[in-house]
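J.: What follows is each chain in one-letter form.
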Amino acid sequence: MDVLALILVCPIAAVLAAMIPSNRWRPWILPAAAVVHLSLVALILLGGGGPAKATAGQATRNGIAATTAAAPPIAGAQTVNKVALPDAGGIVISDWLGIDPPGRVVLLLASMLFVACSFYTVGYLRDHMDQLNRVFCVCFLAFLGAMTLVICTNNLGLMWVAMEATTLSSAPLIYFKHTRNSIEATWKYLLLCSVGIALALLGSFFVAYAAIVHGLTPSLRIADLLRQAPAMDKRWLEAGFVLLLVGYGTKMGLAPMHSWLPDAHGESPSPVSAMFSGALISTAFLMVVRSQHILHVAGDGAYASRLLILLGLLSMAFAAIFMVGQKDLKRMLAYSSVEHMGILALGLGIGGMALLGAMLHVLTNGFTKGALFLSVGNIDRAYGSKTIPEVRGAVRRLPLSGMVFLLGFLAITGSPPFGPFISELIILYGTFMAGHFLIAAAFLGLLLIIFIGMGRTVLAATQGSVPVAGRRSHFRDGLLSGLPVLACFLIVLLLGLYIPVPLWGLLHHAANYLEVKP
Amino acid sequence: MKTVIAIGFQVVLLALLPPLLLGIINKTKAWFAGRRGPPLLQVYYDLLRLMKKNVVISSTTTWVFLAAPLVGVISVVLAGLMVPLGPTVAPVHFTGDLIMFAYLLALGRFFTTLAALDTGSSFEGMGVARELTFACFSEPALFLALLVLVKLSGVLSLSAMLLPESHVRIGSTASAALVLVAVSLFVVLLAETSRIPVDDPNTHLELTMIHEVMVLDNSGPLLGAQIYASAVKLMILAAFLLHVMLPLDPALVWRDRGIMLIGLVAVAGIIGSVESLMARLQLRFVPTLLVAACLLSGFGFLLIL
Amino acid sequence: MNMLILMIAAACIICSGVPGLFFRRRSATGQRLATMINVAAAAIGMAAVLFHEIPRVVAGGWHPAFSLPVGKLALGLDDVGAWFLLPIFLISALGSIYGLGYWPQRKHPTDGQKLRLCWGLMSGAMVLVVLAANSVAFLIAWEIMALSGYFLLTTEDGRPEVRQSGWVYFIATHLATLCLIVFFVLLRVYSGSFQLWPTDVTGLPAGILAALFILGLIGFGFKAGLVPLHVWLPDGHANAPSHVSALFSGVMLNMGIYGIVRVVVIAGTPPIWWGVVLISAGVLSAFLGMTWALAQKDFKRLLAYSSIENIGIITAGLGLAVLGLSMKQPIWVALGLGGALLHTLNHSLFKPLLFMGAGGIIHGTNTRDMESLGGLAARMPAVFRLMLLGSAAIAALPPLNGFVSELLIYMGFFHTLQEATAARWAAWVIPVLAMVGAVALMTFVKFTATCFEGQPRTAAAADARDPGAAMLCPMVLLAAACALVGAFPALLTGLLDHAIAAWVPSHRSIPLAGIINLWWITAMALPLLIFAVGMALWIRRWRRGTCEKSIGTWDCGYAAPGSRMQYTGSSLIQTMARVFRRILWRREQPVEIQGVFPPTAGYACNTPDPLLDRVAEPFLKRVGQMLESARILQSGAAQLYMLYILLIVLILLMIR
Amino acid sequence: MIMILNAILVLVILINLFALGTSRMKALIHAAALQGVLLGLLPPLVVKDVGTLPLLMAAVTIVLKGILIPNMLLKALRDAQVKREVEPLIGFMPSILLGAAATAMALALAGQLAPAHSPLGLLVIPTSISMLFTGFLLLTTRVKAVTQVIGFLLLENGIFVFGLLLLSAIPYLVELGVLLDLFVGIFVISIIIHHINRAFASQDTRRLSSLKG
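Chains as they are written, first to last, in the working numbering: chain A, 10 to 527; chain B, 47 to 351; chain C, 22 to 677; chain D, 10 to 222.
I should point out that these hints are in silico values taken from the structure, not numbers from a laboratory.
Ideal Cβ placement from N, Cα and C applies to all residues, glycine included.
Keep in mind that a hint or two might mislead.
Stated by the list, open to error - Label-pair restraints from in silico Cβ distances:
| no. | chain 1 | residue 1 | chain 2 | residue 2 | range |
| --- | --- | --- | --- | --- | --- |
| 1 | A | 29 | D | 210 | 35 to 45 angstroms |
| 2 | B | 326 | C | 290 | 51 to 61 angstroms |
| 3 | C | 649 | D | 93 | 47 to 57 angstroms |
| 4 | D | 207 | C | 40 | 56 to 66 angstroms |
| 5 | C | 249 | A | 144 | 32 to 42 angstroms |
What the hints assert, rightly or not - Where chain D lies over chain A, by a calculated footprint (3+ residues, C-beta under 8 angstroms):
| no. | stretch |
| --- | --- |
| 6 | 172-183 |
| 7 | 201-209 |
| 8 | 223-229 |
| 9 | 289-296 |
| 10 | 318-331 |
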């Protein structure tokens, strides 16, 4: 039930936000909701929701059988439909809800990151008092709610609905600044993501149809799909996987479907960018993970791995191309997200140790991106620009944000002693263990190019003396703007030096869940 | 007792003989020129006179200028103590002294050149530039020669490697190698002691000098020290050369000491005649000459490798 | 216990800069505090290293309860590590004292705190690098060292040339780290643990072993500055504050050497070609480094290049030791490794001395260009004496320390002639080393003479003065250490023998004393030293007495010699520069003289690093252009992006 | 049953070709609307026992796809006063040919794509694929915002057609969600189009290419 509560937190908060009249106090609903959300997440994760979910699955097995066997001319289906019809809510909740182990990782990330971003947002909106922020707050909460639903449901169809909902609810967030560029970014975001997601829906249908082809009862419930996968039709399954990969890959920002990502990340307010590249695309990655899991169980994992590795390296290559000589700090970070989604795809494709590394990398990358985007947000607010050479000497201008930005860059490029180093180390280790030496070589080469390209920009932005234009604004690192940045950064540092045992448990649980065939 | 005598002999020789060699060289040159030339002992007189003289030095200089000649003397003398002058082992001999030998000469060069530059005169600068440049080529030649000797003798001490028991029969490839080494050592000797064809000790145009121009500002005892030091250097290198060429026999100590002395005199004579018969090389050809010396001993090394 | 003390010392050094952050920007208290902590911690650390029985092997070590994400955090120390620890503590402490005079907080309110924070971080991290007994701990310490080194280098990041050199360092160090990460991952895959440092990894495929060696050599070679991986080194040293250059050159390069020393024995007995590679790399570095040093005008660049030369000599010695291991020649091992380790120590004595002296010159004249100096001997006598000693030491002249280590290495290579093994070719190294030695002598004569002797060429040089005691005392200590090691090398043989024995525990080692009696060096050195002292007194008396010092230098009849007519360093080396023009690859604007009565003609030449200037930078530029041209993929047209999606779907459907 | 189904599907395909061929916006929107209505009729045909639920779904579909969404687009069209799609990136005739070719290919492959024993005959999958392709064609070759939206709409329709094959598998909750998402999506998009008009004084999406590299 607490899962249901978790899902309901955000809609309720959104309604409240819509009702609060004061433009000044409305933003505070975000931190409140965030804290509640996080505490519920903690409750679920520590309260060992795993077995609970399993039992739920067991309990409703026959129920599903009924609903899924609704193919005519079975009378039973009718009755079920009849029963189910009067109120859609009347459907057994546990029939729809449940968090799989990888989902728990992403959920933790999304919730924690949102806490940081929500506090930051309060300060951010305070600087934009002239604008009405009702839509912003409502959409931001709806956005989180949709993501939570994606993570917490266990039905491929509902996942799709929720994923599309994230697109729609986040579009107004990108558009918050009302500049021509933000319009353009929003337009591309909506169009590309909707199309991509549409493909994902088709993909889900294909997967379901793969059951029909072999005369099984079709269903969109992950549990059923996993159970039936070995018996399904390979061609349709593979076609479905391709569509799911491309579809959710679009949302995840895998090249060459990534093209919306730099625009959206670059033009949206920094907390939104942080949520995007920290949580949203990780959620999309979660969807890819689930699709791959189905294929893996169906005994077709090798095929999936090929595609994932291909797209992974392709994404890293694209990112490398566009990060060298990138003048716009936020776009640079966006491409770095593309790169890291590539790394995740690579890790997932290689499997074994690398999969564990990928699970850890979801966290490390997410928090680092949070720290980076929020600090760039501060830099943007201080200089009134997010491009070099307007931005120079950030470390002098904003000691905290500038330094976090510089160190965050080192972290995200995989330097010790930060979190991403550990996760990339494990991924590399897994790659070697699996004997993919060429892939490892390509991986390292791309990492190097990216490091050089990114370093040029970051150092130019952080070092040197502050230009006159940069001194004009009165912005300084404050409590609301500085603390979230620092928090994210400290988490990254901690993950590099020490990973709590329960967290390891979570990650291992996820990796094992994806590895072993039921 | 014997060792005491040997050491005494060597020290006395080292202390007294060198100026004589200069005298012999001058005599030879005079003879070639058909002059009577200065007396054999002229250099001793010069040294004594210089010792008595007062010192005049440039106001630009520092203590280095005063120290250099003396360091030059002591380093050369210490180096001399490692080279056997005769069939008995040198007073100082230990494994690795050959490297000590080379670097003591380098120490002398270090201070001489610094002292020359201490005056801030461009002419002495030229001298320094040439001295150091040529050293860059004569050092490898010297070490290549050492390589051959070590390879032949199998020991790492000058005394041991230069003395008879480690010598080889005439006629073998080894002796051929030794001939090559001897030639290159002779070139090194000419270069190190700034003799024709590398340098002309008694030219009168500063622009063309090497060693002479470096000591241009020295006067009195300082100049004396410089002259003495170069003389000692000449002798120990000559002794080195002789040991490569002459198989001495420790059994007949005094005879071979005699042979050694004659040999030293002969070398001085040869140097003198070379100086009279040859013209000075153009400076830019000197490195070529030294590289040739390197190649000679290098080839010798190849022969026995 | 021992390890605990060392840990505390390291922790104190790491944190030494922290208190300073809480003081006002212009208060000197923070700096004094940092220095005190640093010195005290270093003293404790050195005591712990010297006066404790050190286990023969790293294994075991000290496992704190705290465990790293991957594998347990393990620390350990053996005699090899101990040998490398000493200079770290020494230079870190002396450098921080030197900083009191050279980089006082009052004069540098903006970057002083940052500098000291990173100083502590870097020194402490280097201690941890040596102590680390677990790859992940090693990598973390290593990267902290490298990054804080970067921030130290870019202390004055307001100046573009500093940022540029910092950038080069940044790329180089990241390349190094990348290679090391791969190295350790591979090692983990095949040795089965993150434990350091294995000397008995067996059953490695030859290819993997080769890969490990190459990766390790590149990774650590970058840090050590082996040619051609040295590109970051010259400008990096030149543009850092001088005591930072001292720390870099004196200690950080050693970390690279340390790594190589460890890497070559991961498999116990290394293959022969490893030794060959090391010797060739070492000789190449020594020769090129020295030649490039010779041609420099900026004296800090000159010193930096001479570091490359010394690293080359060390590597050559190490290579000989490796050869000895693989050919079962304990004498070669003893002389090669002994010489290499001793030279490492010596280099971290006289190179910091020289860099601190260079800092003194900058402090007094505010320039790095030798050719605008001159006549400093009379104006900063103390610095002159110390620098003279340093130069003599680095030119390997007896009776100073540089000579002893080079002697050992020479001996080692001479020994390759004695046994009739296949390695006789190694003896060819000797003439090259001899030439390098001669060039080194020339270089440092040029350096000392051009900076200190003759008459001042500029006003800046004319009114230079000696720096204060805070800057002189560390130099005096280092100079004394140079003289002591040079005069009494036999006292160090004990430590050296331990280190040699601990290198490959399974390997039989013989003590140095059994090969060469170093007391002879003392015997030869003492007369020189005594004579030097006597001479000093005598000269003093002489000055008072007969010595007449009235007139100027004999000008060979030229009436009006000016101070600008003195022989400059460039003219001093002109012949050599012509001989080595292919190697130097300078950028020259030659004089063009037309007509019978030519107008005023100009000549300029500078010697940038050939590899950086002619190879690395053009290459990076080219790559950048290629990537730039690929950016049309993201042209901003949504229609195009749609097409991408359609195409990728079709392509992926094709793949089977 | 199957006959009617196939007839409607053929009609739908023809509408695709028309959509590719026409240059008039209004006609395009009306075509899309008609297609929506036709699609709305399909589910009751497929589901054997026409309960209230399928009928409700059909009604919702028809209302959304046939009335609300087209009206929104028409409104967007009105305040932009665009009459016709000019200079498409690919001419109209080539577009038609491409679309026809795609449809033909899909039909040719039908045998392999759908197993013979498919209860709904062979036409469903080819139709949906050809609709997908048509949608993509509009999205990639047209420059006016509204036209691209219609492309997206056709794409969705294609997926809807495929959905017919597994009506039984898809819970109605999901179906509703899909429709709702579509509706909200088009709604938001039309708002954005409105802003595009305001900001760029045109619907030409080629102007929206300042974010590059």
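J.: Where does the structure disagree with the numbered hints, that is, which hint numbers, in rising order?
T.: Hints 3, 5, 9 and 10 not satisfied by this model.
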